[in-house]
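Visitor: If you read the protein sequences in the order shown, they are chains A and B.
Residues in the first sequence are numbered consecutively from 0, following numbering that gives the first Met the number 0.
Residues in the second sequence are numbered consecutively from 0, following numbering that gives the first Met the number 0.
For the record, the hints were derived by calculation from the structure and aren't laboratory data.
The structure presented is a predicted model; accordingly, all values stated were derived computationally and were not measured.
Please note that the accuracy of each hint is not assured.
It does not matter which identical chain is used: a pair holds within one copy or between any two.
Taking lysine to any residue and the SDA-like style, the derived pairs with C-alpha atoms no more than 20 Å apart in a straight line are [stated by the list, open to error]: (1) Lys88 with Lys276; (2) Lys88 with Glu248; (3) Lys205 with Glu371; (4) Lys234 with Arg126; (5) Lys234 with Leu335; (6) Lys205 with Gly22; (7) Lys205 with Phe322; (8) Lys315 with Ser89; (9) Lys205 with Arg93; (10) Lys315 with His30; (11) Lys81 with Val393; (12) Lys315 with Gly68; (13) Lys293 with Ala273; (14) Lys205 with Leu97; (15) Lys276 with Arg383.
Number of protein chains: 2
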Amino acid sequence: MADASSPAEASAQAAAPAYPLAGVTVLDLSHIYAGPYATFLMAMAGAEVIKIEPPGTGEHLRVRAGIGGAALPFAMLNGNKKSLSLDLKSDRGRELLLRMARGADVLVENFAPGVTERLGLGPAELRAVNPRLIYASSTGYGRSGPYRDYPAMDITVQAMSGIMSITGFPDSPPVKSGPALCDFFAGIHLYAGIATALYERERTGKGRLVEVSMQEAVYASLSSNLALYHGNGGKAPARTGNRHGGLAESPYNVYPAKDGYIAIICNNNRHFHALLKAMDREGLRDDPRFADLKSRVGHMEEIDRLVGDWTRERTKGELAALFLANRVPHAPVRGLDEVVNDPHMHARGSLQWIDHPQFGRIVVQNSPIRFEDVPPMPLVPSSRLGEQNEAVLVDRFGLDPDEVEALRRDGVI
Amino acid sequence: MADASSPAEASAQAAAPAYPLAGVTVLDLSHIYAGPYATFLMAMAGAEVIKIEPPGTGEHLRVRAGIGGAALPFAMLNGNKKSLSLDLKSDRGRELLLRMARGADVLVENFAPGVTERLGLGPAELRAVNPRLIYASSTGYGRSGPYRDYPAMDITVQAMSGIMSITGFPDSPPVKSGPALCDFFAGIHLYAGIATALYERERTGKGRLVEVSMQEAVYASLSSNLALYHGNGGKAPARTGNRHGGLAESPYNVYPAKDGYIAIICNNNRHFHALLKAMDREGLRDDPRFADLKSRVGHMEEIDRLVGDWTRERTKGELAALFLANRVPHAPVRGLDEVVNDPHMHARGSLQWIDHPQFGRIVVQNSPIRFEDVPPMPLVPSSRLGEQNEAVLVDRFGLDPDEVEALRRDGVI
Numbered sequence: 000m001a002d003a004s005s006p007a008e009a010s011a012q013a014a015a016p017a018y019p020l021a022g023v024t025v026l027d028l029s030h031i032y033a034g035p036y037a038t039f040l041m042a043m044a045g046a047e048v049i050k051i052e053p054p055g056t057g058e059h060l061r062v063r064a065g066i067g068g069a070a071l072p073f074a075m076l077n078g079n080k081k082s083l084s085l086d087l088k089s090d091r092g093r094e095l096l097l098r099m100a101r102g103a104d105v106l107v108e109n110f111a112p113g114v115t116e117r118l119g120l121g122p123a124e125l126r127a128v129n130p131r132l133i134y135a136s137s138t139g140y141g142r143s144g145p146y147r148d149y150p151a152m153d154i155t156v157q158a159m160s161g162i163m164s165i166t167g168f169p170d171s172p173p174v175k176s177g178p179a180l181c182d183f184f185a186g187i188h189l190y191a192g193i194a195t196a197l198y199e200r201e202r203t204g205k206g207r208l209v210e211v212s213m214q215e216a217v218y219a220s221l222s223s224n225l226a227l228y229h230g231n232g233g234k235a236p237a238r239t240g241n242r243h244g245g246l247a248e249s250p251y252n253v254y255p256a257k258d259g260y261i262a263i264i265c266n267n268n269r270h271f272h273a274l275l276k277a278m279d280r281e282g283l284r285d286d287p288r289f290a291d292l293k294s295r296v297g298h299m300e301e302i303d304r305l306v307g308d309w310t311r312e313r314t315k316g317e318l319a320a321l322f323l324a325n326r327v328p329h330a331p332v333r334g335l336d337e338v339v340n341d342p343h344m345h346a347r348g349s350l351q352w353i354d355h356p357q358f359g360r361i362v363v364q365n366s367p368i369r370f371e372d373v374p375p376m377p378l379v380p381s382s383r384l385g386e387q388n389e390a391v392l393v394d395r396f397g398l399d400p401d402e403v404e405a406l407r408r409d410g411v412i
Numbered sequence: 000m001a002d003a004s005s006p007a008e009a010s011a012q013a014a015a016p017a018y019p020l021a022g023v024t025v026l027d028l029s030h031i032y033a034g035p036y037a038t039f040l041m042a043m044a045g046a047e048v049i050k051i052e053p054p055g056t057g058e059h060l061r062v063r064a065g066i067g068g069a070a071l072p073f074a075m076l077n078g079n080k081k082s083l084s085l086d087l088k089s090d091r092g093r094e095l096l097l098r099m100a101r102g103a104d105v106l107v108e109n110f111a112p113g114v115t116e117r118l119g120l121g122p123a124e125l126r127a128v129n130p131r132l133i134y135a136s137s138t139g140y141g142r143s144g145p146y147r148d149y150p151a152m153d154i155t156v157q158a159m160s161g162i163m164s165i166t167g168f169p170d171s172p173p174v175k176s177g178p179a180l181c182d183f184f185a186g187i188h189l190y191a192g193i194a195t196a197l198y199e200r201e202r203t204g205k206g207r208l209v210e211v212s213m214q215e216a217v218y219a220s221l222s223s224n225l226a227l228y229h230g231n232g233g234k235a236p237a238r239t240g241n242r243h244g245g246l247a248e249s250p251y252n253v254y255p256a257k258d259g260y261i262a263i264i265c266n267n268n269r270h271f272h273a274l275l276k277a278m279d280r281e282g283l284r285d286d287p288r289f290a291d292l293k294s295r296v297g298h299m300e301e302i303d304r305l306v307g308d309w310t311r312e313r314t315k316g317e318l319a320a321l322f323l324a325n326r327v328p329h330a331p332v333r334g335l336d337e338v339v340n341d342p343h344m345h346a347r348g349s350l351q352w353i354d355h356p357q358f359g360r361i362v363v364q365n366s367p368i369r370f371e372d373v374p375p376m377p378l379v380p381s382s383r384l385g386e387q388n389e390a391v392l393v394d395r396f397g398l399d400p401d402e403v404e405a406l407r408r409d410g411v412i
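Using the sequences provided together with the hints, build the complete structure.
Guide: Structure follows, in structure tokens:
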């Protein structure tokens, strides 16, 4: 960070909120979701993130945003970053990246394994010029092992990792999980690894190569189904729809309402009795079919029919009000329209409407990692490709303006 | 860390691998999935994690493991931790926790909002005794805002966050995503926040309260569907099954095989022509219905029929061999049996069979965050409740053995 040159400036600096990653500089070569999410979180924690993309078109997600399909995700994941266009396949582009790496703390990439090595910009080359640099790499299956070069997109990793086989109704084919969870699990693990390496570097003075594979990053989330698999081996049902993954609780399902669906979960007698009270059916408390969890599980079909026949006559709002009053664990199944307008997330500042210079009025997210005593980082809209070329190269890395002009003329930036 | 008391010991210490979080002590009050995953990752990065649970039964997941339902997840998430039983509702238990907090770096909890405050162990009390302590909290909806006290389990947050509404087939009800992704997204964001705060503390000397909400932690993973929502508003389909979330690519689906299912994704002509070659149908390259992505999307039903009729006559293995040879992006839909025995993950050391003293032969995961130059942390099986009571209280925090005996007698530990 720059030294304060006057007492007034020093005082202004002292008054500004101090974000945890202030002073950290990140060179971001990443694209689409996994890498950009990691660097977005870094930017929102106070790091200076320089997003480096091919001149002309920019990264894949920017291309898709340009033809209208992915404007919102591009803007969501790339706010608060500086944009630099740079042709890494040219000698001068490569040299410039190495020069910047000398003054940076972290480099992030999510190319297929081997790509940066072929560019002459692998971990060995980069850490040779800056042993303090943290090199962070996200791939589908890791930088080693027999599947290293398997094609890795969110949907292929969902298939390979078991996610698809455990999602859906028992009498329907396997179905992908709607969220791009392989990409985003990889991205947040990558951020976590970088932050860990930054901590370590404060103590050792040395950088690290940090690596995350999408396949490994989602494995732990299978826990509930792995429990059932472990307990029942080959006899475990692959998919249980909206019922408990272990078919060990009831009522536990998504039930129809007049205007949609509502999830209800009763883990114990207290919850079940609260539900019966809400349904005005407390007489059933003593019915031997429903007396305890075990007998309820044995009469799951009857329970689901009983509850579903009652819920379908009411709206989600009516049901939620009854359940809140009676303390029945529940949640309405909300559509994206309700989610992006969620009063709670807007009240907390985790979602915010902004007027984006390229994409118009959109809703964007702040970081889900909150630090007390600093306000959420003010959101800066994502930049146009190369919008900060001068600011980065001249002001930040000391290039001569004529040199920058020559780079532009020759298509290097 | 202890000082080396002889040159031989100093040399042995220098030779041991230095893990990034060596020397960090974590008090772990968390349960089930989110918190324990965060602290598991800390343990695997070298931290000393002391898992603190109620005497008698232990945390919820240990109870479930004891009756057979969740042995594997409990073991997966709680290896490499020390177990201390401690009654936080008693005055002496509370005092002991405050005493330990003086010598710790991080405290992790995922109780409902307000629980630790009611115990007299909220962030204010803890940081009063140790301003360097990082207090890390994971909740369903955050520590503030109108939904703060809403019931939060993985399935209710899946319903509220929009995940359920975008998962499943268009002609079926919404369905939950199989993985417990709300719990695990919260857990890994929590770890990330803690690592960030540890880095910051090296620079400022001060701890932070770090907070993560499950609802906020999954929001970004909705990106693809938010793109479609943004582009088409109310007219966007909520669910597209295994087709592209934006219905903007074809072939892109999960197709039947003789012995299961296989995902195929063609993002461009190169992929599609490779698929036609694998199918020995290159004559179709010039068919105007399939000439480019746009026309293929316009004939999605025909494409899916054409591809599906061909795949269903072959096994997953036959298809995968053909697709690998022709470079067609694809992946077999694998069941949990294939996943836990995955030769790639075992080759990389990310999965490993261990003989667990309580649970027998099980497969457990190493950390998905890999640091070059240190071998993966050797896996230590999860402990029995209170197994390290003496080691923690006497050796680590300096209590008198008689004092520990009195605490045990009085049911405090």
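Visitor: None of the hints should be skipped; say for each whether it holds.
Guide: Cross-check of the supplied hints:
{"no.": "1", "hint": "Lys88 with Lys276", "in the structure": "neither (68 Å within a copy, 31 Å between copies)"}
{"no.": "2", "hint": "Lys88 with Glu248", "in the structure": "neither (57 Å within a copy, 29 Å between copies)"}
{"no.": "3", "hint": "Lys205 with Glu371", "in the structure": "between (29 Å within a copy, 12 Å between copies)"}
{"no.": "4", "hint": "Lys234 with Arg126", "in the structure": "neither (51 Å within a copy, 50 Å between copies)"}
{"no.": "5", "hint": "Lys234 with Leu335", "in the structure": "between (36 Å within a copy, 12 Å between copies)"}
{"no.": "6", "hint": "Lys205 with Gly22", "in the structure": "both (17 Å within a copy, 17 Å between copies)"}
{"no.": "7", "hint": "Lys205 with Phe322", "in the structure": "neither (55 Å within a copy, 43 Å between copies)"}
{"no.": "8", "hint": "Lys315 with Ser89", "in the structure": "neither (59 Å within a copy, 42 Å between copies)"}
{"no.": "9", "hint": "Lys205 with Arg93", "in the structure": "neither (23 Å within a copy, 40 Å between copies)"}
{"no.": "10", "hint": "Lys315 with His30", "in the structure": "neither (39 Å within a copy, 31 Å between copies)"}
{"no.": "11", "hint": "Lys81 with Val393", "in the structure": "within (13 Å within a copy, 52 Å between copies)"}
{"no.": "12", "hint": "Lys315 with Gly68", "in the structure": "neither (32 Å within a copy, 32 Å between copies)"}
{"no.": "13", "hint": "Lys293 with Ala273", "in the structure": "within (18 Å within a copy, 53 Å between copies)"}
{"no.": "14", "hint": "Lys205 with Leu97", "in the structure": "within (18 Å within a copy, 34 Å between copies)"}
{"no.": "15", "hint": "Lys276 with Arg383", "in the structure": "neither (57 Å within a copy, 40 Å between copies)"}
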